[in-house]
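Chemist: Quick note, the sequences are listed as chains G and H, same order. FYI, in the working numbering the residues of the first sequence are 1 to 98. FYI, in the working numbering the residues of the second sequence are 1 to 386.
Errors might be hidden in some of the hints.
Label-pair distances were calculated between CB atoms; the ranges are [said to hold, decoys possible]:
id : chain 1 : residue 1 : chain 2 : residue 2 : range
1  : H       : Asp202    : G       : Met95     : 19 to 27 Å
2  : G       : Cys65     : H       : His113    : 53 to 61 Å
3  : H       : Ser29     : G       : Ser84     : 43 to 51 Å
4  : G       : His51     : H       : His113    : 16 to 24 Å
5  : H       : Asp201    : G       : Ala94     : 42 to 50 Å
6  : H       : Gly172    : G       : Ala94     : 16 to 24 Å
7  : H       : Thr73     : G       : His51     : 37 to 45 Å
8  : G       : Ala25     : H       : Val97     : 56 to 64 Å
9  : G       : Ala76     : H       : Asn186    : 35 to 43 Å
10 : G       : Val52     : H       : Asn268    : 49 to 57 Å
These are computed hints drawn from the structure, not numbers from a lab. Even for Gly, the Cβ is constructed at its ideal location relative to N, Cα and C.
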Amino acid sequence: MIRVVLPFHLRTLARVESEVQIDVAPPVTVSSILDALEARYPVLRGTIRDHVTLRRRPFLRFFACKEDFSNEPPDAALPDAVVSGTEPFLIIGAMAGG
Amino acid sequence: MSNVRLLVGTKKGAFILTADGKRQNWDVSGPHFAGWEMYHLKGSPADPNCIYASQTSGWFGQIIQRSDDGGKTWEAPGGGVTTTPEGMPAGESNKFVYEGEVGTHKWYDGTQHPWEFKRVWHLEPSLTDPNTVYAGAEDAAIFKTVDGGKTWKELSGLRSAKGHLWQPGAGGMAVHTIILDPKDVNRIYIAISAAGAFRTDDGGKTWKPINRGLKSQYELPDPDAEVGHCVHRIAMHPSRPGVLFMQKHWDVMRSDNAGDQWSEVSGNLPSDFGFPIEVHAHEPETIYVVPIKSDSEHFPPDGKLRVYRSRSGGNEWEALTKGLPQKDCYVNVLRDAMSADSLEPCGLYFGTTGGQVYGSADGGDSWNPIVRDLPAVLSVEAQTLR
Numbered sequence: 001m002i003r004v005v006l007p008f009h010l011r012t013l014a015r016v017e018s019e020v021q022i023d024v025a026p027p028v029t030v031s032s033i034l035d036a037l038e039a040r041y042p043v044l045r046g047t048i049r050d051h052v053t054l055r056r057r058p059f060l061r062f063f064a065c066k067e068d069f070s071n072e073p074p075d076a077a078l079p080d081a082v083v084s085g086t087e088p089f090l091i092i093g094a095m096a097g098g
Numbered sequence: 001m002s003n004v005r006l007l008v009g010t011k012k013g014a015f016i017l018t019a020d021g022k023r024q025n026w027d028v029s030g031p032h033f034a035g036w037e038m039y040h041l042k043g044s045p046a047d048p049n050c051i052y053a054s055q056t057s058g059w060f061g062q063i064i065q066r067s068d069d070g071g072k073t074w075e076a077p078g079g080g081v082t083t084t085p086e087g088m089p090a091g092e093s094n095k096f097v098y099e100g101e102v103g104t105h106k107w108y109d110g111t112q113h114p115w116e117f118k119r120v121w122h123l124e125p126s127l128t129d130p131n132t133v134y135a136g137a138e139d140a141a142i143f144k145t146v147d148g149g150k151t152w153k154e155l156s157g158l159r160s161a162k163g164h165l166w167q168p169g170a171g172g173m174a175v176h177t178i179i180l181d182p183k184d185v186n187r188i189y190i191a192i193s194a195a196g197a198f199r200t201d202d203g204g205k206t207w208k209p210i211n212r213g214l215k216s217q218y219e220l221p222d223p224d225a226e227v228g229h230c231v232h233r234i235a236m237h238p239s240r241p242g243v244l245f246m247q248k249h250w251d252v253m254r255s256d257n258a259g260d261q262w263s264e265v266s267g268n269l270p271s272d273f274g275f276p277i278e279v280h281a282h283e284p285e286t287i288y289v290v291p292i293k294s295d296s297e298h299f300p301p302d303g304k305l306r307v308y309r310s311r312s313g314g315n316e317w318e319a320l321t322k323g324l325p326q327k328d329c330y331v332n333v334l335r336d337a338m339s340a341d342s343l344e345p346c347g348l349y350f351g352t353t354g355g356q357v358y359g360s361a362d363g364g365d366s367w368n369p370i371v372r373d374l375p376a377v378l379s380v381e382a383q384t385l386r
């Protein structure tokens, strides 16, 4: 099970608690996590990455194991601790005022 | 007894205000979708308890919400855990994708720039079918759903109406006004800031600019420019769908031939700059505007919040001040933030960027604040429930 932490507004939108657990077929990457997340919670499609280009929305960040994966290739492998479920994959709203 | 329900969109959530026909005591529900920008909410004329809402965010993009119980509960259409027979997610509810070759429009520096979807400014449900809705989008486009918001398809012919010449203004380039002709299902009017007004007579396949008579001499050196006029709002009385009233960037205008020709009716207004314009529910020649000092100073002249009413379809205006602050008031009233109910006498409502929603139960003669301290109000829609 992969643990995913969503920002407040996406938790309310998907009607879930702070952390969700999803099955992700290997290889576990940013892209495969988001595929599985959106399959489980279709209302999140388009909120984290663009519907068509699948590019990360500008004011969101992807963190795991105290590293920033926001600008890594979406098909890059994530750390073993994320794959094993020891550490969560964090989707964070960037500081952007408002 | 009839009731009135106000659907109020704000910068930080939606609020629903309800009252009986006396319109004196109001219940306030909300915030719904707290923290999100709620650009617009509107109920279906065919089923008033079916309400659509545009929920948007600079972080998370565009969500469409739908309620079937008058705003008590909400669902993102198609956003549930539904799958196709192949096991893939079926939800497409928030997907607004331009049709075909995306093309370009004019950018601030005069170069061409690709269309990029940002948000939905305005939702206009069909007059007859609760599952059919039009959505006005930024960058300027109109989308349509016929399945209650699950899927949206662009009416891309609009962008062929000289779209390559449209250039965003400071507020963005959005379809903010959609008016459906109650007597001709194929006729729709729309307006785009800094591009102008447009009309289709074939249900949205083709569109033409309807900006003849508009003058924008400071912004558009070409006096015959077909597009580029900054139309802030258009209003129509359903009994006379060929008569249109317009609040332009500067100038209040009217057309008696479905937008083919416009003439100025600013008359004695203290400023003809403003955003909303509304028509009385029972008097097609009675119209309302809220003058704003200028394009550089978006607040009422002299710090006095005044609605102006014309009973003659323009040119002759009277200030309506009773109950409105007449000193030190520096709020704005945005284009989608004024609405009328259809009770007798007609009720008028508007919201301000200072978070007040004012209501009048006597056609504008007197006003009362319904709420004073909401987030900045983006839109107000009145529903008359019988």
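Chemist: Next, verify each hint and record whether it holds.
Modeler: Going through the hints against the structure:
1. Separated by about 48 Å at the C-beta atoms, H:Asp202 and G:Met95 break the suggested range of 19 to 27 Å.
2. Hint check: G:Cys65 to H:His113, Cβ distance near 39 Å, so the stated range 53 to 61 Å is violated.
3. For the pair H:Ser29 and G:Ser84, the supplied restraint of 43 to 51 Å holds, since their beta-carbon distance comes to about 45 Å.
4. At roughly 20 Å, the beta carbons of G:His51 and H:His113 sit within the given window of 16 to 24 Å.
5. Take H:Asp201 and G:Ala94: their Cβ atoms lie about 46 Å apart, and the range 42 to 50 Å holds.
6. Range check, H:Gly172 to G:Ala94: about 21 Å between beta-carbon atoms, so the 16 to 24 Å window is met.
7. In this structure the supplied range 37 to 45 Å is violated for H:Thr73 paired with G:His51, their Cβ-Cβ distance being about 26 Å.
8. Here the CB-CB span from G:Ala25 to H:Val97 is close to 27 Å, at odds with the stated 56 to 64 Å.
9. Separated by about 52 Å at the C-beta atoms, G:Ala76 and H:Asn186 break the suggested range of 35 to 43 Å.
10. Between G:Val52 and H:Asn268 the beta carbons are some 51 Å apart, a value that agrees with the proposed interval 49 to 57 Å.
Taken one by one, the earlier hints fail for this structure at numbers 1, 2, 7, 8, 9, listed in ascending order.
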